[in-house]
Amino acid sequence: MSEIWEGLIKAVYLIVSLDPEVLEIAGRSLRISGTACLLASLVCLPLGALIHFHQFPVKRVLINVIQALFSLPSVIIGLFIFVLFSRAGPLGELGILFTPTAMIIGQMVLITPILLGLTISALSGVAKEIVDTATSLGASGFQITLLVLGEARYAVVAAVIMAFGRAISEVGCALMVGGNFKGFTRVMTTAISLETSKGELELSLALGIILLFLALIVNIALHRLQQR
Amino acid sequence: MGVVALTVVAVTAIVSLSITARAPSLKVATTSSLYDTGLWEYLEPRFEERYGVKLDILCVSTGIALEYGKRGDVDVIVIHDKAREEQFIAEGYGVDRIPFAYNYFLIVGPPDDPAGIKGLGPEEAFKKLMEEGLGNPREIKFVSRGDESGTHAKEKAIWEAADFDYETIRKAGDWYAEGGRGMGPTLLMASEMNAYTLTDMGTFLAYKGKLDLVPLVGEGRILLNVYSVIAVNPEKHPHTRIEMANNLIDFLTSSETQKLIGAYGVGDYGMPLFMPCAGAEPEQ
Chain C
1 MSEIWEGLIK AVYLIVSLDP EVLEIAGRSL RISGTACLLA SLVCLPLGAL IHFHQFPVKR
61 VLINVIQALF SLPSVIIGLF IFVLFSRAGP LGELGILFTP TAMIIGQMVL ITPILLGLTI
121 SALSGVAKEI VDTATSLGAS GFQITLLVLG EARYAVVAAV IMAFGRAISE VGCALMVGGN
181 FKGFTRVMTT AISLETSKGE LELSLALGII LLFLALIVNI ALHRLQQR
Chain A
1001 MGVVALTVVA VTAIVSLSIT ARAPSLKVAT TSSLYDTGLW EYLEPRFEER YGVKLDILCV
1061 STGIALEYGK RGDVDVIVIH DKAREEQFIA EGYGVDRIPF AYNYFLIVGP PDDPAGIKGL
1121 GPEEAFKKLM EEGLGNPREI KFVSRGDESG THAKEKAIWE AADFDYETIR KAGDWYAEGG
1181 RGMGPTLLMA SEMNAYTLTD MGTFLAYKGK LDLVPLVGEG RILLNVYSVI AVNPEKHPHT
1241 RIEMANNLID FLTSSETQKL IGAYGVGDYG MPLFMPCAGA EPEQ
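As you go down the protein sequences, you meet chains C and A in turn. Residues in the first sequence are numbered consecutively from 1, following the working numbering. Residues in the second sequence are numbered consecutively from 1001, following the working numbering.
FYI, nobody ran anything at the bench for these hints, they're computed from the structure. Mixed in with the good hints there might be a few duds.
[What the hints assert, rightly or not] The list that follows gives simulated cross-link-like pairs (lysine-lysine, DSS-like), each with its CA atoms no further than 30 Å apart:
(1) A:K1082 - A:K1128
(2) C:K182 - C:K10
(3) A:K1210 - A:K1118
(4) A:K1208 - C:K198
(5) C:K198 - C:K10
(6) A:K1208 - C:K182
(7) A:K1054 - C:K198
(8) A:K1054 - C:K182
(9) A:K1118 - C:K198
(10) C:K182 - A:K1259
(11) C:K198 - A:K1210
(12) A:K1082 - C:K198
(13) C:K198 - A:K1156
(14) A:K1236 - C:K182
(15) A:K1208 - C:K10
(16) A:K1210 - C:K182
[Stated by the list, open to error] Okay, the calculated beta carbon distance ranges per label pair:
(17) A:H1239 - C:A134: 47 to 57 Å
(18) C:V61 - A:P1045: 54 to 64 Å
(19) A:L1260 - C:A158: 53 to 63 Å
(20) C:I9 - A:Y1166: 38 to 48 Å
Glycine residues also receive a C-beta, built at the ideal position from the N, C-alpha and C atoms.
Sequences and hints are given; from them, build the entire structure.
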């Protein structure tokens, strides 16, 4: 039990002393997961709106599949991306394996089902009449999408928060496609994994506490978006 | 509105590109038992400074290191399983196998040694563990790496030398556990479980302060543990950095580095974790 207390003390010390290695991996975690979340949101939010407001034969099946993919383990995505971008794989020539780009792609794939599924359910509260009215007033598809997402912004931002949380906390994919190289692809979660396997429990706990602290800050910022 | 969106996308793309752009590095897949001792972290800055290239080290088990080598995802592999190394080269994936350091495997276990294997030879010790473990699985346990690592391969070899079929051992009972983790975590697990395990001397010494385990069996030809470096064959994978890989091989076998390897750990652990053997198979 004392490890938890010592972990907390170590976390405070690492933050206050602005430990350069911790700053570096924290910054990388934020950049990789933030980029993945932003890019995935730009695609999935409009796509979710599209799926929600249109009727098509396999719609029910598609939504079921999307929701089933909420349970996709990050390590399986890691394996899939690895096989895709390995030198022996189809996209090996791009040389993306073991770089932050591969990690961003992996996390984007990981959070796409969450963003799609939760956007679709977020929009279930928006009346179809709004879409009809906007269309009759001459709004373009782009404008209607923005309008509709804006109406449901509380639940939509909640979906983005959830997706960011899933991205920044995952370790299976980051380890597999990133390689955990010091100074290049090491992030908070892979560092925690490494330190734990070395038996450095206080340091791992400290890094975990700092990660939660970062997530709190990001959430406060995104919460502002919800209030507007 | 569209302009804002476009700016955001552009900034994101630039940011994500900037965290990817970087001079090409030398990628090395290494066995966890070399990494957990801190030897790589010790040698890394010296190599990077000497040759002006970043070393990217993947700390994995021998099994997946071989896989990375076959796929050409790394430039060099550093492992400790002679049979699989020779097969790797015979199949054309590697250029040559260069041993550069060695130590010995140990069978470690709880200080009170409930199975009574202290001082036995490795094959007899394993036989005794099997007998005692079957009879008393709550007190006598063995934790295996279970991960196709070099250490795991050695463990299988000892079982075989003791005339056991490995598959029988795996199904033998609760006393035999497969951890599936690296050497460091496996030692920590064995310590928690008051169990026996096979470990290389280097990792054991490096973790000693965190463990409640003692060495029980350390003598026997079969316990020799040789680390070799193999460059990935550029004929199979033309994009790999063969010149820099050869630089790493030269570095590891240079008299300067060999001296450093032989002295590593003496200050902290009272004895060297590895013995140098530049390029040649060590005698027993």
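Right, here's what the structure says about each hint:
{"no.": "1", "hint": "A:K1082 - A:K1128", "verdict": "27 Å, holds"}
{"no.": "2", "hint": "C:K182 - C:K10", "verdict": "21 Å, holds"}
{"no.": "3", "hint": "A:K1210 - A:K1118", "verdict": "21 Å, holds"}
{"no.": "4", "hint": "A:K1208 - C:K198", "verdict": "12 Å, holds"}
{"no.": "5", "hint": "C:K198 - C:K10", "verdict": "17 Å, holds"}
{"no.": "6", "hint": "A:K1208 - C:K182", "verdict": "25 Å, holds"}
{"no.": "7", "hint": "A:K1054 - C:K198", "verdict": "23 Å, holds"}
{"no.": "8", "hint": "A:K1054 - C:K182", "verdict": "10 Å, holds"}
{"no.": "9", "hint": "A:K1118 - C:K198", "verdict": "27 Å, holds"}
{"no.": "10", "hint": "C:K182 - A:K1259", "verdict": "26 Å, holds"}
{"no.": "11", "hint": "C:K198 - A:K1210", "verdict": "10 Å, holds"}
{"no.": "12", "hint": "A:K1082 - C:K198", "verdict": "26 Å, holds"}
{"no.": "13", "hint": "C:K198 - A:K1156", "verdict": "25 Å, holds"}
{"no.": "14", "hint": "A:K1236 - C:K182", "verdict": "28 Å, holds"}
{"no.": "15", "hint": "A:K1208 - C:K10", "verdict": "23 Å, holds"}
{"no.": "16", "hint": "A:K1210 - C:K182", "verdict": "24 Å, holds"}
{"no.": "17", "hint": "A:H1239 - C:A134: 47 to 57 Å", "verdict": "53 Å, holds"}
{"no.": "18", "hint": "C:V61 - A:P1045: 54 to 64 Å", "verdict": "55 Å, holds"}
{"no.": "19", "hint": "A:L1260 - C:A158: 53 to 63 Å", "verdict": "55 Å, holds"}
{"no.": "20", "hint": "C:I9 - A:Y1166: 38 to 48 Å", "verdict": "47 Å, holds"}
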